[in-house]
Amino acid sequence: MGASAIGADYFDLEAILAEEERVPVLFLTSVTGVGRALDPSCDDDDLAEGVKVDLPQWLTKGQLSEKRFVEVRTPKCFNERVKKDIQADPGVVNLRERSAFFYAFGRSLCRILDNNAELADFLLITFRGRYKDLLLQSHFAPDEDVQALKRIMTREEIRIFEAGRQSMQSFTQWRQRKDSIYNMAPILGKKRKR
Amino acid sequence: MRRLHSASQKRRWCFLTDAGGQPYQKQASVTPKMVTQFSAKSGHFLPSEVEFQAEDELIDIIPNFRLDALYMIKGEFGPFRPQIPTTVPIWLAVLLKKRGKCSIQLPEWMSVDELTSVIGREQEYAAEFQPVHYHYIEISEILFDCALNDIPNSYKVRALVEDLREVRYGKIQDGLKTVDNRQSAAKLNNLSAMEVNMIRPFFTQALAKFYRLGERDVEPQSQASQRPGAAGTGPAPQQRVLRRPR
Numbered sequence: 001m002g003a004s005a006i007g008a009d010y011f012d013l014e015a016i017l018a019e020e021e022r023v024p025v026l027f028l029t030s031v032t033g034v035g036r037a038l039d040p041s042c043d044d045d046d047l048a049e050g051v052k053v054d055l056p057q058w059l060t061k062g063q064l065s066e067k068r069f070v071e072v073r074t075p076k077c078f079n080e081r082v083k084k085d086i087q088a089d090p091g092v093v094n095l096r097e098r099s100a101f102f103y104a105f106g107r108s109l110c111r112i113l114d115n116n117a118e119l120a121d122f123l124l125i126t127f128r129g130r131y132k133d134l135l136l137q138s139h140f141a142p143d144e145d146v147q148a149l150k151r152i153m154t155r156e157e158i159r160i161f162e163a164g165r166q167s168m169q170s171f172t173q174w175r176q177r178k179d180s181i182y183n184m185a186p187i188l189g190k191k192r193k194r
Numbered sequence: 001m002r003r004l005h006s007a008s009q010k011r012r013w014c015f016l017t018d019a020g021g022q023p024y025q026k027q028a029s030v031t032p033k034m035v036t037q038f039s040a041k042s043g044h045f046l047p048s049e050v051e052f053q054a055e056d057e058l059i060d061i062i063p064n065f066r067l068d069a070l071y072m073i074k075g076e077f078g079p080f081r082p083q084i085p086t087t088v089p090i091w092l093a094v095l096l097k098k099r100g101k102c103s104i105q106l107p108e109w110m111s112v113d114e115l116t117s118v119i120g121r122e123q124e125y126a127a128e129f130q131p132v133h134y135h136y137i138e139i140s141e142i143l144f145d146c147a148l149n150d151i152p153n154s155y156k157v158r159a160l161v162e163d164l165r166e167v168r169y170g171k172i173q174d175g176l177k178t179v180d181n182r183q184s185a186a187k188l189n190n191l192s193a194m195e196v197n198m199i200r201p202f203f204t205q206a207l208a209k210f211y212r213l214g215e216r217d218v219e220p221q222s223q224a225s226q227r228p229g230a231a232g233t234g235p236a237p238q239q240r241v242l243r244r245p246r
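Order-wise, the sequence lines are chains A and B.
Just so we're aligned, residue 1 is where the first sequence starts under the UniProt record's numbering, counting upward by one.
Just so we're aligned, residue 1 is where the second sequence starts under the UniProt record's numbering, counting upward by one.
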C-alpha cells in the first residue's frame, strides 16, 4: 500500500466512514485474547484457526492481512449476483442496500485484495452506468420523486445529486426574484391581543 | 413590500441620493466591488453573486438630466447631458432608470433579429456553442426586471432569451452525458457565466468520482506475479487508457 494511496483519502470523510464497513475474513492462525472482542458469537477468549469473522475494514488492512494472519474474502455486496444485477441495468439497482459507501468501500477493498483490477473496473463501470441517470435526475427530477430516487443511491451519489439539485434550485429561485423582495416578518402581521 | 433590485443595491443606493451633489464618489467606488467577489462558500457562486458580477458590464443609456462626469475606480463615466447617449455600468443604469433619470438602450445582442439568428445557429450546429454575451442570462433578467418599457417587443425578446437558454441548456446536458471514464472531459466552449456556474457543483464532483475510480495504483511487479488470479485477470486492462501520471 503506497503512501499516496493513503494520503489521497486522508481527509475524505466518506473514505473514513467507508472503513467502518465490515469484511468477512478467515483466520489462518489462531489468536489469543481477542475472541470476545472480535466475534460476538464466540464464548471463548481465543479465536481458533479457520474461524470466519466479519471485521471492520480498517482492521483488516495493514498487518493483519499483509502478514497472512487472515484471508480477506469478498464481501456480499461485491459478489457475482450483484455484479450480474448491475450489468443488467445499473440504474435501478439499490446500491444503498448493499453498502452506503459502495465506491469508497470497493476502492479500499481493491487495495486489500492485492490491487484487484477486476473489482476496480467493476466499480468504474457501475458508476459510469449510473452517471447518466444521476445527471438527468439531479437536474430535472420533480420534488416528489426525490425521496424515492435517493433511496437507491449510495451516500456518495447523493452528495453529487444534491450538488446538482441545489444549483438548479438556487437558479430557479433567483429567476423568480423572490430573494430580492422584502417581506414583512410574520410576527408583525399578527393581531395584537389586548 | 419593497422591491430592491439586488442585495448590493442598498450599498449603492447612497450613490445617487443627492444627484448633483459633490462628495459621493469615494463612498460608491469603494464599497460594492471587492467585498463579495470571492464569497464562494463551496467553490461556486450563488446566482445572485453571478448577477452582481454582471452588473459591472457596460450599457448605453440616454439620460434626461445634466451632470458632470463621475469618477470611479473602474473609470470615468459621463458626463451626462439630456438626450446624449453615454455608457455606464449596468448597476448605475438600473439606479438611474428606477428614478426615471434615463432610458436604457437595448444591447444589440438582445434585439429580436439577433436573438432569432443566434437560436437558429445554435440549433443548426449541435456540436458547438455560439459565442453569446458572457452574462446574457443575468443582463436580460436585469433589464426585464427594471427596464421593460425600454425594450421593443419585450414579450418576444423575453421568449427568445428563454428559448436560447433552453436550447443551450439542452446541449450542455448532452455534452455532460458523453462523459465517461474513457473520455473524462466534455467540450463546452463559449458557455456563459451563469451556465458554467449552474453545472459546476455537479460536474466537478462527478468528474472527481470518475477520476477516483479510474485511478489505478501502480504496484510492484513482483507482488503481482506472486499471486496469479488476484490481479490482471480477464480482459479488463484494455480499458485502462487513462493512467495517473506519476
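Everything labelled a hint here was simulated from the structure, so no lab data went into it.
Please read these numbers as outputs of a predicted model, since none were measured by experiment.
Check each hint, because a few of them may be wrong.
Below, a list of computed lysine-lysine pairs in the DSSO-like style, where the Cα atoms sit at most 27 Å apart [stated by the list, open to error]:
1. B:K156 to B:K177
2. A:K84 to A:K52
3. B:K97 to A:K132
4. B:K74 to A:K83
5. B:K177 to A:K83
6. A:K84 to B:K187
7. B:K209 to A:K150
8. A:K84 to B:K209
9. A:K67 to A:K84
10. A:K150 to B:K74
11. A:K132 to B:K171
12. A:K84 to A:K150
13. A:K150 to B:K97
14. B:K156 to A:K61
15. A:K132 to B:K74
16. A:K132 to B:K209
17. A:K76 to B:K187
A quick look at each hint next to the structure:
no.	hint	result
1	B:K156 to B:K177	violated (32 Å)
2	A:K84 to A:K52	holds (26 Å)
3	B:K97 to A:K132	violated (45 Å)
4	B:K74 to A:K83	violated (60 Å)
5	B:K177 to A:K83	holds (23 Å)
6	A:K84 to B:K187	violated (33 Å)
7	B:K209 to A:K150	holds (18 Å)
8	A:K84 to B:K209	holds (22 Å)
9	A:K67 to A:K84	violated (33 Å)
10	A:K150 to B:K74	violated (48 Å)
11	A:K132 to B:K171	holds (14 Å)
12	A:K84 to A:K150	holds (22 Å)
13	A:K150 to B:K97	violated (47 Å)
14	B:K156 to A:K61	violated (65 Å)
15	A:K132 to B:K74	violated (44 Å)
16	A:K132 to B:K209	holds (14 Å)
17	A:K76 to B:K187	violated (39 Å)
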